[in-house]
Structures are given as C-alpha cells and as structure tokens.
Amino acid sequence: MQNLNVFAPRLLEKAEAFSPGHRACIGCGEVLAVRLAAKAMGKNLIMVNATGCMEIIASQIPNTNWNVPWIHTLFENTAAVASGVGSGLKVLMRKGRIPQEEINVAAIGGDGATLDIGLQALSGAMERGHKFLYICFDNEAYMNTGVQRSSATPFGASTTTSPAGKNSFGQFSWKKDMPAIAVAHNIPYVATACPSYPFDMIRKIKKAQTFDGPSYIQVFSVCPTGWRTAGDISIRLGRLAVETAVFPLYEVENGKYKLSMDFPKLKPLTDYTKPQGRFRHLSPEVLAQIQEKVLQKYDELKAKTALDEVKP
Amino acid sequence: MTKRVGMEVSIAVAEAVKLADVDVVAVYPITPQTHVVEHIADLVVDGELDAEYIPVESEHSALSACLGSAATGARTFTATASQGLELMQETLYVASGMRLPIVMVVANRAVSAPLSIWGDHSDVMTVRDSGWIQIFNENGQEMVDNTICAFRIAENQQVLLPVMVHMDGFNLSHVIEPILLPDEEQVKAFLPTNNYPLPLHPSKPVAMGDFAPPFIFTEARWAHEEALRNSKRTIVEVWDVFAKEFGRQYKPVESYRTEGAKTLLLTMGSFSETAMTAVDKIREEGLSVGLIRLRLWRPFPFEELREALQGIDTLIVLDRALSTGGPGGPVASEVRAALYSQNPRPQIVSFVGGLGGRDITVENFETIIKRGMEIAKSGSDKEFQMFGVRE
Chain A
1 MQNLNVFAPR
11 LLEKAEAFSP
21 GHRACIGCGE
31 VLAVRLAAKA
41 MGKNLIMVNA
51 TGCMEIIASQ
61 IPNTNWNVPW
71 IHTLFENTAA
81 VASGVGSGLK
91 VLMRKGRIPQ
101 EEINVAAIGG
111 DGATLDIGLQ
121 ALSGAMERGH
131 KFLYICFDNE
141 AYMNTGVQRS
151 SATPFGASTT
161 TSPAGKNSFG
171 QFSWKKDMPA
181 IAVAHNIPYV
191 ATACPSYPFD
201 MIRKIKKAQT
211 FDGPSYIQVF
221 SVCPTGWRTA
231 GDISIRLGRL
241 AVETAVFPLY
251 EVENGKYKLS
261 MDFPKLKPLT
271 DYTKPQGRFR
281 HLSPEVLAQI
291 QEKVLQKYDE
301 LKAKTALDEV
311 KP
Chain B
1 MTKRVGMEVS
11 IAVAEAVKLA
21 DVDVVAVYPI
31 TPQTHVVEHI
41 ADLVVDGELD
51 AEYIPVESEH
61 SALSACLGSA
71 ATGARTFTAT
81 ASQGLELMQE
91 TLYVASGMRL
101 PIVMVVANRA
111 VSAPLSIWGD
121 HSDVMTVRDS
131 GWIQIFNENG
141 QEMVDNTICA
151 FRIAENQQVL
161 LPVMVHMDGF
171 NLSHVIEPIL
181 LPDEEQVKAF
191 LPTNNYPLPL
201 HPSKPVAMGD
211 FAPPFIFTEA
221 RWAHEEALRN
231 SKRTIVEVWD
241 VFAKEFGRQY
251 KPVESYRTEG
261 AKTLLLTMGS
271 FSETAMTAVD
281 KIREEGLSVG
291 LIRLRLWRPF
301 PFEELREALQ
311 GIDTLIVLDR
321 ALSTGGPGGP
331 VASEVRAALY
341 SQNPRPQIVS
351 FVGGLGGRDI
361 TVENFETIIK
371 RGMEIAKSGS
381 DKEFQMFGVR
391 E
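Taken in order, these protein sequences are the chains called A and B.
Residues 1 to 312 in this note's numbering are what the first sequence spells out, letter by letter.
Residues 1 to 391 in this note's numbering are what the second sequence spells out, letter by letter.
Be a bit skeptical, because a hint or two may be false.
What the hints assert, rightly or not - Simulated crosslink set (DMTMM-like; lysine to aspartate or glutamate; CA at most 20 Å straight-line):
1. K95/A / D50/B
2. K90/A / D46/B
3. K95/A / E48/B
4. K267/A / E285/A
No wet-lab data here; the hints were simulated from the structure.
Predicted model only: the values in this text are computed from it and were never measured.
Full structure from sequences and hints, please.
Right, here's the structure in full:
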C-alpha cells in the first residue's frame with residue numbers, strides 16, 4: 001500500500017476534464033470528487049449537470065471549468081435531460097449523421113437534486129434503461145442554498161431547516177437509502193464511493209461505464225461549510241465515515257452486493273461526529289441511538305453480501 | 001405523391017411528424033393529445049419512422065428529454081395539453097432561452113380546477129411569455145402544414161427557437177377531416193436536415209446553460225427578444241415558400257370577407273371556421289361584417305394586425321381564456337395594447353366564451369357580433385362580457 005502511494009499519481013489520468021480555477025469552498029470534498037470522476041470518465045463524454053454548487057462554482061459566463069461538452073438546464077430534470085442526450089446521439093449515429101463511436105453520457109447532481117426533487121426523473125430514466133451514469137455527489141443537505149435539510153441529511157444533524165434547539169435535536173428522519181432505491185430499479189450497476197478512496201472511486205466509475213444500461217454511484221462528499229468542519233480534514237472525515245460504517249463502500253452488480261472494504265473492527269461513531277459542528281449538540285443518548293442504527297444498517301448490508309467476497 | 005385522406009386530425013399530425021423525419025420523440029399521455037403520440041408509437045414500431053421514442057414519466061421530463069436531444073442536434077418533437085403544459089412551464093423557458101429548436105403540438109385544453117378535459121385556450125395563455133413561437137390553427141390541414149413548417153422555422157439558423165403548434169382540444173384533435181397529406185419527397189426537399197450549429201459532441205466541447213450574472217442577463221434576454229421578434233420574417237418566408245411548393249398560403253393575420261366592413265370579429269383557433277359561417281349569414285342579412293383570424297400569437301404580429309384593422313369602427317374579440325381578475329380576454333387585452341397608439345382606433349369589445357369545451361355555435365357568433373355592435377355604440381362599464389354564463 002505504501003508503494004502504491006508513491007506511484008499513485010502515475011495511475012491517474014493527467015489530463016483534467018474539470019480544470020482548476022473554480023469557485024468552490026476551501027476543502028470542498030465534492031469538487032475533488034467531481035474532478036476525480038471527470039478524470040475517470042475520460043474525454044469521450046457529455047456531462048449533464050443539475051443545478052447546485054457544482055454548476056454555480058464552475059460555469060459562470062463567460063467562464064467554464066469543463067473541458068468536455070457540458071449542459072445544465074434545471075434542478076430536478078437532470079436524468080431526463082441525460083436520457084434525451086443519449087437518445088439523440090443514438091439516433092444520429094444510426095442515421096449516419098455523426099460518426100459511430102462510444103460516447104459516455106453522465107449526469108451529476110447533489111443529494112437534493114437526486115434524492116428529493118429529481119427522484120422521479122431519475123427513477124424514470126433508470127426504469128427505461130438508458131445507457132448513462134448518474135453520479136450523486138452526496139453532501140447530505142442543500143448546501144448551495146445555505147445548508148437546508150434534504151432526505152439525505154443524517155439523523156440528528158443540525159441544518160438551517162432542521163435546526164437543533166430547545167425542542168429539537170436536529171434532523172428528525174433517517175437518511176434515505178438511495179442506493180437501495182436504485183437497486184430496486186434492476187439496473188446493472190450501483191455503487192457507493194468516496195474521494196478519500198480515489199482509486200476505488202475511479203475504478204467504480206470506469207466500471208459503471210462498461211454496462212449497457214443505467215448505473216448509479218453515490219459519492220460521499222464532505223462539505224466543510226455545511227458540516228462546520230475544518231477545511232483540512234475533509235479527506236480524513238471521508239475515511240472516518242467509511243471506517244465507522246456511516247457510509248460503507250460497496251457495489252451492486254446485477255443485483256449482487258459486494259463490500260468494497262470491510263474492517264475487522266469498526267471505529268466508534270463519535271470519532272466521525274466529534275469534529276463536525278452539525279453534530280456537536282447531540283446528547284450521548286441520541287449519539288448512542290445513531291450508533292445502534294449505523295451498526296444495524298451495516299449488518300443488514302453485510303447480510304446482503306456474499307461472505308466469501310468480503311476482503312478484509 | 002400527395003394523398004387525400006379522411007383522417008382524424010391527431011393521426012394526421014403524427015403523419016406530419018413522420019413526413020418531417022423526426023429523430024427523437026419524448027412523450028407523456030394526456031387527453032386530448034394522446035392520439036398524436038399513440039400513432040407516432042405505431043409508426044416507430046412498424047419501422048415507418050426511424051426515431052428514438054422516449055416514453056417518459058411526466059411532461060416535465062418529456063420536455064427535459066427534448067432539451068437533451070435537441071442539444072445533440074436531433075430533430076425533436078413532443079406534444080402535450082393543459083396540466084401537462086403547466087407541468088412543463090419551467091422547462092419551456094429553458095428550451096427557448098437555450099435556443100433549442102423543439103416542435104411541440106399543444107392540444108389546447110382548460111386548466112384545472114375544476115377538472116375539465118375539454119378545450120379552451122387557458123393552457124396557452126399561462127405560457128404566453130415563455131419565449132416560444134406560437135402558431136394557431138383552424139383545421140386539420142393547417143395542423144399538418146404548420147407542423148411541417150414549424151420544423152423549418154425552428155431550425156432556421158436565424159431563428160433557433162422552439163415552436164408550439166396549437167390544436168384545439170377535441171374540436172380539432174378528435175375530428176375526422178379530409179386532409180391532403182403532402183408527398184414525402186416534396187417534404188424532404190422543403191425540410192432540409194437539421195443542422196444545429198453547436199451541438200453537444202466530444203469533438204468540439206461546448207458549455208450550454210451556463211449561469212448569467214447581472215452583467216450579462218439583460219443582454220441574454222434582449223438577444224432572445226430580438227430573435228423572437230425577428231423570427232416573424234423567417235416565419236413569413238417559410239409560409240411563402242410553402243405556398244409555392246404546396247399551394248396553401250398562411251399569414252400571421254388572415255382576413256375573411258373584410259371588404260367594406262366597419263365591424264370585424266377576431267378569433268383564434270378552430271372557432272374561426274364557425275365564425276366564418278356566422279359572418280356569411282350576417283352578410284346575407286345586409287350587415288357588412290368580416291372576420292380576422294389571428295394565426296401567429298408569438299411573435300405578436302403588430303404591423304399586420306394594425307394594417308388589417310385600418311379604417312374600421314368596431315372590433316369584437318372572442319377569447320377562449322380568462323385573465324382572472326384582470327382585463328378578461330388575453331387576446332383582446334393584447335389587441336387593445338397593440339392599437340392604443342393608433343389614431344383613429346376602433347372600439348374594442350371583448351367577449352370571453354367557449355371555456356372548458358362549451359361550444360360556440362354559428363347562432364352564438366351572430367349574437368356576439370350583434371351584441372358587440374350594440375355595446376360599441378352604447379358603451380359598457382365592463383372590461384369584458386362573459387358570453388353565455390348563467391349568473
């Protein structure tokens with residue numbers, strides 16, 4: 001593993017499909033994930049971008065950070081637009097109006113654009129079986145509009161619309177299990193990833209593109225601004241989310257679950273929650289409740305996984 | 001070869017879409033539009049039309065899929081009505097603002113509540129300012145012709161705007177009419193392959209839909225405004241070429257028996273044909289009344305309308321929509337605004353009727369004309385008259 005770190009840069013594509021100079025916050029985990037994803041997807045790509053931070057920080061007229069064809073239209077329709085792009089390319093190739101070649105179509109959106117307002121369009125596009133990769137960059141709230149809760153916000157997190165106060169401990173519902181919803185659409189490939197594990201993430205994105213149908217990847221994206229964390233611990237926080245099983249990494253290929261990594265001993269939840277302002281108000285009782293739920297969900301996930309495929 | 005067929009208008013529209021060799025069709029069912037997309041589905045599965053057919057999960061996604069496909073340079077069609085158009089509202093502005101040449105047939109229908117599946121122009125009026133070219137039609141032949149013309153207009157490099165082709169729900173969508181289906185080769189010659197100037201393709205990356213800070217937003221809006229206003233020139237040119245090729249002439253504002261008339265009736269859509277019959281009858285009674293049919297709703301044909309209304313005393317406008325709590329009929333309101341600067345200008349009497357599928361018969365039109373003439377003489381303290389309402 002140490003040797004791999006030394007040579008790691010050589011394993012990455014040098015060209016930047018998403019170039020420097022964007023306006024993201026210091027320590028933004030999402031923009032790092034977008035950059036890595038863009039590298040992984042290569043040049044033969046059309047990118048469809050939902051409204052959100054990534055659109056705002058990278059596409060102000062007259063500038064753009066995208067070195068690939070890119071389209072943004074609205075907040076909730078990204079998957080539908082992507083299905084139109086794919087269909088357009090398909091028929092134009094069939095009719096010989098553009099050269100026959102593999103062009104990847106990707107749609108990206110935040111957790112609000114994916115789990116909330118865009119869920120219907122995404123469900124429709126997945127169900128219809130268009131060949132495209134949807135990546136949800138999950139920073140667990142509406143960050144672009146100023147940290148409002150979404151259905152991806154974890155239980156207990158304080159946001160501007162689920163604030164902790166005298167009569168509340170913050171977010172009142174458990175995080176929606178979007179990967180499971182994607183799996184329920186019988187699509188060929190679903191995965192979770194985190195830029196703290198760049199090679200795992202890049203591998204999954206490349207793999208997703210090989211399937212002749214929809215694929216869905218949910219990428220854990222640390223948001224220092226919304227989570228009230230130091231900008232220099234984003235990578236560490238991503239690792240802690242995985243090591244505590246708050247955000248386990250796994251993939252589901254044609255319905256078959258496979259853990260990407262397992263740990264002989266999970267770290268305690270508080271290692272992950274402690275550095276975050278959004279959880280600071282939580283009582284030991286609520287934290288214990290969350291810890292229990294995390295372990296329960298992890299056990300459920302492991303139960304879906306074939307044991308012999310789990311590598312320690 | 002041109003074929004004369006007896007055909008339901010919705011089916012004929014689908015045949016026109018086939019003649020236009022459309023590349024992508026995204027559809028969601030809604031009455032009274034469904035027959036159009038059902039027949040397109042048949043044409044695609046039978047191999048008569050080589051297109052990608054995307055049966056989406058909502059109208060919002062129907063137009064969203066169209067945004068994506070039009071951005072790749074594919075010729076793109078959809079159809080909707082009423083609530084569907086309402087659900088598309090947000091995407092409509094994107095289609096026009098991003099200058100994507102999509103063609104959409106709207107089977108005009110009332111807007112809920114109360115629920116009504118029947119025809120009027122309430123749906124159109126809610127999307128009046130969405131920046132689309134909007135063409136109204138009176139019969140099946142016009143629907144076929146203007147569906148074909150719409151692609152040539154939309155895809156024109158000077159225009160690059162989406163076009164709505166309006167078809168009154170049921171009154172037009174569900175009636176069987178004799179229709180001349182143009183010859184395939186002739187349509188092919190009339191309608192060149194879509195050549196969208198900056199399509200999404202990795203060989204030449206473009207960024208579409210970047211966000212505009214205040215320093216550029218006004219200019220972007222103005223560019224759209226100019227494009228829409230200037231599109232009238234292309235629309236008229238396309239109609240003139242169409243007339244030469246196919247022998248049927250369309251104009252932004254069309255007149256019927258207006259010679260010598262001091263009183264004119266103005267209508268939009270399928271009711272114009274009934275109005276013509278009423279005008280014939282009234283002329284038989286010795287009253288010199290004519291009819292103006294507004295074909296081009298957007299861009300609004302200010303010059304053509306002023307010219308058509310020159311020298312008259314009274315203009316009676318029938319709207320099939322109500323600007324609730326406002327000026328009454330949206331068409332009357334716009335016509336008033338267009339004529340306010342004219343001197344002399346006619347008296348304008350506004351009627352609202354034919355809502356939610358209620359018929360306006362020839363006799364009703366005669367009543368409207370006669371009452372309109374009386375009101376023009378006596379004056380009225382009402383902004384508009386609600387025709388046929390039981391109070």
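Against the structure, the hints:
This hinted pair checks out: K95/A and D50/B have alpha carbons roughly 8 Å apart, not beyond 20 Å. Restraint check for K90/A and D46/B: the C-alpha separation of about 19 Å stays at or below 20 Å, so the hint holds. Restraint check: the Cα-Cα separation between K95/A and E48/B comes to about 14 Å, which is no more than 20 Å; the hinted pair holds. Restraint check for K267/A and E285/A: satisfied, since their Cα atoms lie roughly 18 Å apart, inside the 20 Å limit.
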